[in-house]
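S.K.: Take a look at the letters that make up each chain.
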Amino acid sequence: MARKAKHSAVFWIFLTPVLLAFTLVIFIPFILGVFYSFTDWSSSAANQGGLKYVGFSNYDKSLHDLKFIYSFGVTTVYTVLNMLFVNAVAFGLALLVSTKIKGRNVYRAGFFIPNLIGGLVLGFVWQFIFNAAIPFIGPLIGLGSLADPKNFLLSNNVGATFGLVIVSTWQSAGYIMMIYLAAIQSVPAELHEAAQIDGASPAYRLWAITVPMVAQAFTVTTFLTLINSFKQFDVNVSLTAGGPSVMFQNHAIAGTELLAMNIYNTAFAANSLSQGQARSVVFFLVLVVISIFQVMASKKKEVEL
Amino acid sequence: MKKLAFFLVALSLSLGAFGQAKITLVHNKVEIDKAMKTYAAEWGKANNVDVTIITSGGDNGNMGQILQADYAAGEMPDIFVIDGPDTYSQWANILADLSGEKWVGQTSVAYRSPDGKVVGQPVAVEGWGMAYNADILKAAGVDPAKLTSLGAYKAAFAKIDAQKAKLGLKSVVSMAASTGMGWVTGDHNVNSYLSNGLKYGDKSIANLALQGKVDAKRLADYADWVELLFKYADQTVLTAGTYDDQVGAFATGKAAFLHQGNWVDPNLAAAKATFKAGFAPHGSSSAVTDGVFVSAPTWYVINKDSKNIAAAKKYLNDLVFTAAGNDYVVNKAGMIPAFANIKLQPSGPLSKSIQEWAAKGKIYSWNQYMLPAQFRSNSLVPIYNQFASGQIDKAKFISLFTDAIATLKQ
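For the protein sequence lines, the chains are D and V, in the order given. According to the numbering used here, numbering within the first sequence proceeds without interruption in unit steps and concludes at 305. According to the numbering used here, numbering within the second sequence proceeds without interruption in unit steps and concludes at 410.
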């Protein structure tokens with residue numbers, strides 16, 4: 001009994017720093033944020049008379065804003081593409097570096113390095129690659145059309161969305177690869193040996209042994225890529241700045257403004273903090289629902305030895 | 001011994017700071033950051049005030065975020081910057097009345113509250129037109145003094161375009177219309193529609209826009225002007241260029257005209273550009289419009305709840321009335337002073353050109369900031385971008401522009 005009490009005291013002592021940090025920087029701001037989304041909060045001297053309760057009008061305005069609706073669409077497309085690309089590339093790289101090829105430690109480190117570079121920097125570097133380096137190299141290798149600004153990857157919204165996916169894949173594939181690599185290495189070797197004796201081909205062993213055995217990793221990686229793609233902000237700001245524009249329901253609007261950037265622009269460029277806050281709450285709810293479904297679906301695929 | 005000396009220095013520094021007045025200034029002119037910090041440090045030493053300068057520039061109201069965060073934290077700076085009616089209404093409740101200050105008599109562009117109180121000291125006078133490379137124009141046989149209407153520009157652009165190879169040009173105009181450079185179109189170019197050719201201070205077209213209406217005849221001319229600028233621009237710079245690309249093309253003699261203001265002087269100097277340059281009016285109208293857009297774009301304001309109002313007021317006064325202050329404003333920061341008593345002249349060719357236009361009284365207002373910031377960046381910029389990338393034609397541009405203005409009606 002006494003031992004159990006001691007245990008639980010230790011438990012809480014160790015947990016306190018995390019709980020404190022979580023409460024201060026996540027929980028309280030979140031509650032405040034929800035509260036502000038129902039007011040005319042502006043964080044400026046204009047509110048000196050106190051906050052006014054405005055009901056659901058911030059939500060109403062947001063859901064009737066074409067830009068917000070478009071952002072939802074383009075963010076969904078981007079997220080799906082990004083999840084596919086990042087996971088496919090990361091899994092491929094993990095398989096590659098888990099074989100016995102020469103210099104695999106160098107590869108492991110090399111693939112991981114882009115993850116250590118900030119998204120803002122990456123965005124500007126790749127903007128240079130897409131807008132200056134490729135058009136420069138194109139004519140030199142006999143592809144003059146690459147120098148035509150109409151053919152730049154970032155010159156239309158479809159291309160620019162792929163541009164975001166390329167940069168994001170380049171950035172995060174190495175990180176996701178590490179998770180796959182750890183899972184692949186923990187698959188017991190005797191399973192492969194037994195299958196080999198039974199005459200299973202390498203491709204069949206990959207499909208029947210490796211994939212089910214690393215399903216746990218899939219749950220984690222798809223969750224991580226889903227959340228990170230949905231919350232994409234820094235690469236978006238530096239690579240495309242929301243552009244180029246696109247016609248949507250007979251209005252010209254920013255074509256690659258993902259949700260996080262839309263919220264930022266609503267709050268700070270349009271100077272409407274409370275409406276930006278309302279959009280964050282909507283964003284949060286959508287993210288929670290999608291994540292729960294995704295984790296539930298992936299969990300079903302996991303196997304235990 | 002060395003350690004002891006270091007300790008003593010540190011001790012004396014910290015003692016020196018004790019009991020000093022402290023003022024914090026938040027501003028958004030990145031290009032003068034270094035000059036301002038140097039000046040503020042010297043001024044602080046001479047007046048025994050600890051001055052902290054916080055610089056946050058760029059578009060999209062980055063400075064606004066700092067101010068909002070500081071306000072929420074209860075640490076509002078003593079001096080900060082407003083840029084027009086939008087930000088004025090945000091902070092109106094905490095602005096000190098500066099009507100009694102000595103500098104008020106020396107300027108005509110102080111920021112006044114709707115009830116006539118002076119609340120803002122102009123940071124500088126700025127302006128833009130079509131910046132031209134005088135050497136190239138001379139070689140091409142174009143007289144910049146005659147560039148005062150749409151027709152004149154059409155002829156001149158065609159003439160220069162035909163001699164591009166001979167003149168070593170890549171394009172006639174250096175123009176930017178990407179989403180990231182939206183301030184060139186949505187903040188500056190749109191002002192040709194709002195104020196070009198109108199008497200200084202005439203806000204009729206902007207007020208019409210705020211009622212949701214456009215002047216169709218004026219807009220048709222303006223659309224021709226936008227089309228002309230886009231047609232003769234380097235398409236890569238136009239749709240994918242950055243500020244450096246746009247200004248660089250002009251600074252290196254690859255373009256004869258540049259759609260920017262006198263703030264590019266430091267960039268030209270940094271690029272070691274030696275050609276003569278000046279401003280010509282915008283040709284957004286078939287009638288003659290003989291003037292450029294000049295105004296004080298930003299104002300210093302003082303937080304009335306500051307504990308050091310006296311020091312803050314002295315800081316602003318000293319910019320206008322001391323030799324060191326004037327030297328900093330004009331020579332170190334390269335700005336055009338907004339005060340009659342300052343006799344120093346800026347050395348940049350474009351700043352000089354703005355001063356010449358202003359001296360002749362041939363100036364038009366900046367009315368673009370009468371339109372809400374979010375309208376300019378969210379509604380107007382994508383329309384220009386569509387037009388620039390050739391996705392829509394001129395007729396569609398006019399109809400989208402008209403529809404967008406219609407949403408301004410309250």
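The reader is advised that the hints may include incorrect statements.
Cut-off 30 Å, straight-line C-alpha distance, at most; resulting in silico cross-link-like pairs (DSSO-like, lysine-lysine) [as the list claims (entries may be wrong)]:
| hint | chain 1 | residue 1 | chain 2 | residue 2 |
| --- | --- | --- | --- | --- |
| 1 | V | Lys138 | V | Lys362 |
| 2 | V | Lys362 | D | Lys61 |
| 3 | V | Lys409 | D | Lys150 |
| 4 | D | Lys150 | V | Lys307 |
| 5 | V | Lys34 | V | Lys332 |
| 6 | D | Lys150 | V | Lys394 |
| 7 | D | Lys61 | V | Lys396 |
| 8 | V | Lys217 | V | Lys199 |
| 9 | D | Lys52 | V | Lys362 |
Examples of chain D residues lying across from chain V (beta carbon under 8 Å, computed) [what the hints assert, rightly or not]:
| hint | residue |
| --- | --- |
| 10 | Ala46 |
| 11 | Ala189 |
| 12 | His192 |
Keep in mind that the hints were calculated from the coordinates and are not lab data. Glycine included, C-beta positions come from ideal geometry on N, C-alpha and C.
S.K.: Each of the hints needs a verdict: does it hold here or not?
M.R.: Here is how each hint holds up against the structure:
1. Between the alpha carbons of Lys138/V and Lys362/V the distance comes to roughly 23 Å, so the proposed pair stays at or under 30 Å and holds.
2. At most 30 Å may separate the alpha-carbon atoms for a hinted pair to count; Lys362/V and Lys61/D exceed this at roughly 44 Å.
3. Note on Lys409/V and Lys150/D: the hinted pairing is violated, with a Cα-Cα distance of about 36 Å set against a maximum of 30 Å.
4. Distance restraint check for Lys150/D and Lys307/V: the Cα-Cα separation of roughly 57 Å exceeds the 30 Å cut-off, and the hinted pair is therefore not satisfied.
5. With a C-alpha separation of about 9 Å, the suggested pairing of Lys34/V with Lys332/V holds against the 30 Å cut-off.
6. Taken as a hint, the Lys150/D and Lys394/V pair is honoured in the structure, with Cα atoms around 19 Å apart against an allowance of 30 Å.
7. For the hint pairing Lys61/D with Lys396/V, the CA-to-CA distance comes to about 27 Å; that is within 30 Å, so the pair holds.
8. For the proposed pair Lys217/V and Lys199/V, the alpha carbon gap of about 18 Å is at most 30 Å, so the pair holds.
9. For the given pair, Lys52/D sits about 47 Å from Lys362/V by alpha-carbon distance, which is inconsistent with the 30 Å threshold.
10. The interface hint given for Ala46/D is met, as the beta carbon of that residue sits about 5 Å from the closest beta carbon of chain V, less than 8 Å.
11. For Ala189/D, the interface hint is violated, the least distance from its beta-carbon to any beta-carbon of chain V being 52 Å, above 8 Å.
12. Restraint check, His192/D versus chain V: the minimum CB separation of about 50 Å is more than 8 Å; hint violated.
Hint check: violations occur at hints 2, 3, 4, 9, 11 and 12; the rest are consistent with the structure.
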